[in-house]
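K.L.:
Given chain A, put chain B in place with the hints provided.
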Amino acid sequence: MRSSAAAWLRRNDRLLRIAAACFLLNQLLEFVLVRLHGFAYAGLCAFDCAWYAGIVEHGYDSAPHDGGGAHPKHDAANWVFFPALPLAARLLHALSGLSGAASLLVVGKLFFLLAIFAFVKLASEIRPQLNPLLAAAVVAFNPYAIYGSVGYTEPLFLLLSCSFFLALRRDFLAAGLAGCLLACTRLVGAFSVLPYLIAAWGPWRRARPQREYILLGLLLIPLGLGVFLLYLHGLTGDALAFSHLQRAWNRTPGNPLAIALAGLHQTPLEKYWAAMSLLALVVPLYFALRRQFELAVFSLLCTLLPLSTGLWAMPRYLWWQAPVLLALAIGISHKKLWLLFFGAALPGLVFMYLGWFAGAVVVV
Amino acid sequence: MKTRMNTRMKTLSRTAIGALCAFYLAVAWTAVHPQVSPAYRAYYIEGSDFMSPWQHRQLAPLAPASEHGADDPALMFDGWPARGDGQRWNGGRTARLVFRVDGHALTAGPHALTLRLLPLGTQASEWRLNGQAIGNRRLQGASVLRLDLAPGSLRPGENELRVTLPDARVVGKGNLRMWALRFDGLRWD
Numbered sequence: 001m002r003s004s005a006a007a008w009l010r011r012n013d014r015l016l017r018i019a020a021a022c023f024l025l026n027q028l029l030e031f032v033l034v035r036l037h038g039f040a041y042a043g044l045c046a047f048d049c050a051w052y053a054g055i056v057e058h059g060y061d062s063a064p065h066d067g068g069g070a071h072p073k074h075d076a077a078n079w080v081f082f083p084a085l086p087l088a089a090r091l092l093h094a095l096s097g098l099s100g101a102a103s104l105l106v107v108g109k110l111f112f113l114l115a116i117f118a119f120v121k122l123a124s125e126i127r128p129q130l131n132p133l134l135a136a137a138v139v140a141f142n143p144y145a146i147y148g149s150v151g152y153t154e155p156l157f158l159l160l161s162c163s164f165f166l167a168l169r170r171d172f173l174a175a176g177l178a179g180c181l182l183a184c185t186r187l188v189g190a191f192s193v194l195p196y197l198i199a200a201w202g203p204w205r206r207a208r209p210q211r212e213y214i215l216l217g218l219l220l221i222p223l224g225l226g227v228f229l230l231y232l233h234g235l236t237g238d239a240l241a242f243s244h245l246q247r248a249w250n251r252t253p254g255n256p257l258a259i260a261l262a263g264l265h266q267t268p269l270e271k272y273w274a275a276m277s278l279l280a281l282v283v284p285l286y287f288a289l290r291r292q293f294e295l296a297v298f299s300l301l302c303t304l305l306p307l308s309t310g311l312w313a314m315p316r317y318l319w320w321q322a323p324v325l326l327a328l329a330i331g332i333s334h335k336k337l338w339l340l341f342f343g344a345a346l347p348g349l350v351f352m353y354l355g356w357f358a359g360a361v362v363v364v
Numbered sequence: 365m366k367t368r369m370n371t372r373m374k375t376l377s378r379t380a381i382g383a384l385c386a387f388y389l390a391v392a393w394t395a396v397h398p399q400v401s402p403a404y405r406a407y408y409i410e411g412s413d414f415m416s417p418w419q420h421r422q423l424a425p426l427a428p429a430s431e432h433g434a435d436d437p438a439l440m441f442d443g444w445p446a447r448g449d450g451q452r453w454n455g456g457r458t459a460r461l462v463f464r465v466d467g468h469a470l471t472a473g474p475h476a477l478t479l480r481l482l483p484l485g486t487q488a489s490e491w492r493l494n495g496q497a498i499g500n501r502r503l504q505g506a507s508v509l510r511l512d513l514a515p516g517s518l519r520p521g522e523n524e525l526r527v528t529l530p531d532a533r534v535v536g537k538g539n540l541r542m543w544a545l546r547f548d549g550l551r552w553d
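Residue numbers (our numbering), protein chains in the order written: chain A, 1 to 364; chain B, 365 to 553.
Just so you know, the hints here were simulated from the structure itself, not pulled from any lab data. Note that the Cβ used here is the ideal one computed from N, Cα and C, for glycine as well. Be aware that one or more of the hints could be misleading.
Claimed, not checked - Just so you have them, the derived chain A footprint on chain B, three or more residues with Cβ under 8 Å:
| no. | region |
| --- | --- |
| 1 | 382-389 |
| 2 | 393-404 |
| 3 | 444-457 |
| 4 | 525-533 |
Said to hold, decoys possible - Computed list of chain A residues with no C-beta within reach of chain B, every gap over 12 Å:
| no. | residue |
| --- | --- |
| 5 | Leu-24 |
| 6 | His-37 |
| 7 | Leu-114 |
| 8 | Gln-129 |
| 9 | Tyr-144 |
| 10 | Pro-203 |
| 11 | Leu-216 |
| 12 | Lys-271 |
| 13 | Leu-289 |
| 14 | Leu-301 |
| 15 | Ser-308 |
| 16 | Gly-359 |
For reference, chain A alone in the conformation it holds in the complex:
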């Protein structure tokens, strides 16, 4: 056991170092910005993180409330937030006595580091000729990398989606487990069932003895979500409360393309988000043309499903999507495009931090 772990470490030594270096540089940049701005680290846990902190410290709400004054109709509750991240933070909270917010920031950063590594590993398998440093830097220094450090689900989602795709190439049961955790992180994770089916189709037809394992792996994917639904039913009487409570945030599902196209005629910020969302639809097309249908379908779902409820928060759903980041890394590896990209992305990341400190709407 120990020797196999040592062998794994030896095999991945270079990628681990690259991931750690990029993570540390990202954290150094954050440290400098926080100090220069005189901002408190605890203040990094805001917006959604504050909701998660409530779950870490007190569990799920027993009834809707006004969300600290943000919901005057008293119709909001933390039931809309999926349990994987708060459960991980709650474990740290129980073991260390750290506050809910601090626990979320710590586990979020740990997941950020692991997500960079998992992404680099995935990139090295899908596109071996891609420079791993470039792949790591795309995760760590894109403008929306801020969500890796502020107690949001994004780094856990990236970590688990990369783990899912890595496992899909090796072991269907492991892929099922990764998919199960992914579905406990965000609803769209449950749709990893589709890339799983695509990947399993060949082995299913070829090897009859493997079929039980393939089916078991598939059935594992919605397991965590199913447990969460039963829990919500027990707590609220409504297993789909996580979806129905979106009304408190004025998010009701619609046609994603219509929403994006309508966004092109709204405020400059909405125009920017809409253009970004439409551009992201090139990614599934790119992977489909390369016959990597698992990545194509996953990317399509991860873009269209959140887009169907509005443009709000689309940037983080796009910039923490493994296929989008992979396509971006491949794209900027041509010639010296990466110089152009990071020349714009780094100031963008600094801008996002300043926006976060100011509580600006652009970062939510």
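P.N.:
Below, chain B alone, put in the same frame as chain A:
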């Protein structure tokens, strides 16, 4: 030995598959059979109610023979988005407001609702209380509109007063909202 292991693993995985299928059936059943209050169902699940369950609980009864302004917590507005100092402008061709009447205060009648309104130019208006037509009026300038109610049209508990405004119109360039009427106050006698 290896065959026995394989058979055992196969049995185990088939049992797990069966258990997971049964579990998902149970989850699906609970998902389509929510056990929630009618107010929760109407607001969150069906989206047919603009008032949250909390707002229903908070709605204070309308005091008889006294005027209630646009900021009064005894009135709930839907389709009256432009809120000013004690007034509200509608936005669209229909608007409604909900108020509660205490059963003890509801005498045999006759009852009337009196509204203080300011229309945008001249506006036709059709009024319904709990789905029943109670008046058609053309409004011009600051108006006091008295709507006499037939016995039984006002009910104990929540009542919905809905107005249809066919002459609502957009004012100014780049403005998408349709305006018709400003609500200044309501009195129940």
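K.L.:
Now, for every hint given, state plainly whether the structure supports it.
P.N.:
Hint by hint, here is what the structure shows:
For the region 382-389 of chain B, the proposed coverage by chain A is satisfied: 4 residues have a C-beta within less than 8 Å of a C-beta in that chain, meeting the threshold of three. Coverage of a stretch by a chain is defined here by at least three residues with a beta carbon nearer than 8 Å to that chain's beta carbons; for the region 393-404 of chain B and chain A the count is 6, and the condition holds. Counting residues of the region 444-457 of chain B whose beta-carbon sits less than 8 Å from any beta-carbon of chain A gives 0, not enough to reach three: the coverage restraint is violated. Counting residues of the region 525-533 of chain B whose C-beta lies closer than 8 Å to any C-beta of chain A gives 0; at least three are required, and the coverage claim is violated.
Listed as a non-interface residue, Leu-24 (chain A) keeps its Cβ farther than 12 Å from every Cβ of chain B; the least gap is roughly 42 Å. Non-interface status of His-37 (chain A) relative to chain B is upheld: no Cβ of that chain comes within 12 Å, the nearest being about 36 Å off. Leu-114 (chain A), annotated as away from the interface, keeps every beta carbon of chain B farther than 12 Å; the closest lies near 28 Å. For Gln-129 (chain A), the shortest C-beta to C-beta distance to chain B comes to about 39 Å, beyond the 12 Å cut-off, and the non-interface label holds.
Chain B leaves Tyr-144 (chain A) outside its interface by the beta-carbon criterion, the shortest separation being 31 Å against a cut-off of 12 Å. Every C-beta of chain B lies more than 12 Å from that of Pro-203 (chain A), the closest at about 15 Å, which supports listing it as non-interface. Once the 12 Å rule is applied to beta carbons, Leu-216 (chain A) is inconsistent with being away from chain B; the minimum gap is 5 Å. The beta carbon of Lys-271 (chain A) sits about 16 Å from the closest Cβ of chain B, which is more than 12 Å, so the claim that it is off the interface holds.
Consistency note on Leu-289 (chain A): stated as away from chain B, and its beta-carbon is indeed over 12 Å from all of that chain's, at 35 Å minimum. For Leu-301 (chain A), the requirement that its beta carbon stay farther than 12 Å from each beta carbon of chain B is met, with the minimum near 20 Å. For Ser-308 (chain A), the shortest C-beta to C-beta distance to chain B comes to about 16 Å, beyond the 12 Å cut-off, and the non-interface label holds. Distance to chain B confirms Gly-359 (chain A) as a non-interface residue, since its nearest Cβ pair spans about 24 Å, more than 12 Å.
When held up to the earlier numbered hints, the structure conflicts with 3, 4, 11 and fits the remainder.
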